[in-house]
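Peer 1: Chains as they are written, first to last, in the numbering used here: chain G, 1 to 112; chain F, 1 to 112.
Quick caveat, the hints were computed from the structure, so don't treat them as lab data.
Computed from a predicted structure; not experimentally measured.
A couple of the hints might just be wrong.
[As the list claims (entries may be wrong)] Derived SDA-like pairs (lysine to any residue); straight-line CA-CA distance at most 25 angstroms:
1) Lys81(F) x Thr11(F)
2) Lys71(G) x Asn98(F)
3) Lys81(F) x Arg108(G)
4) Lys109(F) x Ser27(F)
5) Lys57(G) x Gln79(F)
[To be verified] Stretches of chain F that chain G covers, calculated by requiring three or more beta carbons in the stretch to come under 8 angstroms of a beta carbon on chain G:
6) 31-45
7) 101-111
[Unchecked claim] Some chain F residues flagged as far from chain G (calculated, every beta-carbon gap over 12 angstroms):
8) Leu4
9) Thr11
10) Val13
11) Gly15
12) Asn21
13) Gln25
14) Leu54
15) Gly58
16) Arg66
17) Asp68
18) Ser69
19) Tyr72
20) Glu77
21) Lys81
22) Asp82
23) Asn98
Where a beta carbon is used, it is the ideal one built from N, C-alpha and C, also for glycine.
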Amino acid sequence: NAGVTQTPKFQVLKTGQSMTLQCAQDMNHNSMYWYRQDPGMGLRLIYYSASEGTTDKGEVPNGYNVSRLNKREFSLRLESAAPSQTSVYFCASARGGDYGYTFGSGTRLTVV
Amino acid sequence: GQSLEQPSEVTAVEGAIVQINCTYQTSGFYGLSWYQQHDGGAPTFLSYNALDGLEETGRFSSFLSRSDSYGYLLLQELQMKDSASYFCAVRASTGGGNKLTFGTGTQLKVEL
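Construct the complete structure from the given sequences, taking the supplied hints into account.
Peer 2: Shown next as structure tokens:
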């Protein structure tokens, strides 16, 4: 009963390096989301995928790309990391409608 | 776009009742959700209100007034383990994808 699994849990990058954050859910949810959380700013939506095969920008998409690989997996890529991308990244999935999100445990990313 | 306001911090004693308020502005509105997040953890879904009134789930209740663009989370018989951050989030009818916009969170401290 894994729910939403994110990897890695921690990562340190140098400015300009690239990396991909992985997310997988086993609940057969249609929708998946990537949020970032910074102190005092709550959770801000980066990208989302309403269903397999579709992706859309959220509130803060600059510097990121996403891929909905299949119904289970939704990855977030940083092509050229910047210190402003130091944050905690959460992946979430939802069945839709009135049902709540299920979040992964997060990836703590530091860009130096 | 959407914006939400909630108090940054609330302190209460064990066994007491506490109310966390949330006001929102949004173009199109489906419902208001509440999430709990312990330090270092992931947000977890507490409740969702689409219609006016009070929804009760154990010690937690959530209220919505659509005409006032206002809701609150009521926590009764407070326990130390309730010390956490609480986020309200709006599900808007524009843009699709069941996206949520989160408030900046209320840190609840429960004292003996």
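Peer 1: Against chain G, does Gln25(F) keep a CB gap of more than 12 angstroms to every residue?
Peer 2: holds, 15 angstroms
Peer 1: Any Cβ of chain G at or closer than 12 angstroms to Ser69(F), or is the non-interface label fine?
Peer 2: Fine: 18 angstroms to the nearest Cβ keeps Ser69(F) off the interface.
Peer 1: For Asn21(F), which was marked as not at the interface, is the minimum beta-carbon distance to chain G over 12 angstroms?
Peer 2: Non-interface label stands for Asn21(F): nearest chain G Cβ at 16 angstroms, farther than 12 angstroms.
Peer 1: Any Cβ of chain G at or closer than 12 angstroms to Glu77(F), or is the non-interface label fine?
Peer 2: holds, 23 angstroms
Peer 1: Does the claim that Gly15(F) lies off the interface hold, with its Cβ farther than 12 angstroms from every Cβ of chain G?
Peer 2: holds, 28 angstroms
Peer 1: Taking the closest pair, is the beta carbon of Leu54(F) still more than 12 angstroms from chain G?
Peer 2: With a cut-off of 12 angstroms, Leu54(F) remains clear of chain G, as the shortest Cβ separation is near 16 angstroms.
Peer 1: Compute the least Cβ-Cβ separation between Thr11(F) and chain G, then decide whether it is above 12 angstroms.
Peer 2: holds, 18 angstroms
Peer 1: When you check the alpha-carbon spacing of Lys109(F) and Ser27(F), does it fall within 25 angstroms?
Peer 2: Violated, at roughly 33 angstroms.
Peer 1: Does Gly58(F) clear chain G by more than 12 angstroms, comparing its Cβ with all Cβ atoms of that chain?
Peer 2: Gly58(F) is indeed farther than 12 angstroms from all Cβ atoms of chain G, at 16 angstroms.
Peer 1: Does the claim that Arg66(F) lies outside the interface with chain G hold up, using a Cβ gap greater than 12 angstroms?
Peer 2: The assertion about Arg66(F) holds, with a minimum of 15 angstroms to chain G.
Peer 1: Beyond 12 angstroms on every Cβ pair: is that true for Lys81(F) relative to chain G?
Peer 2: holds, 19 angstroms
Peer 1: Going by Cβ atoms, does Val13(F) stay more than 12 angstroms from chain G at every point?
Peer 2: holds, 26 angstroms
The structure fails to meet hints 4, 5, 8, 23 from the earlier list, while all remaining hints are met.
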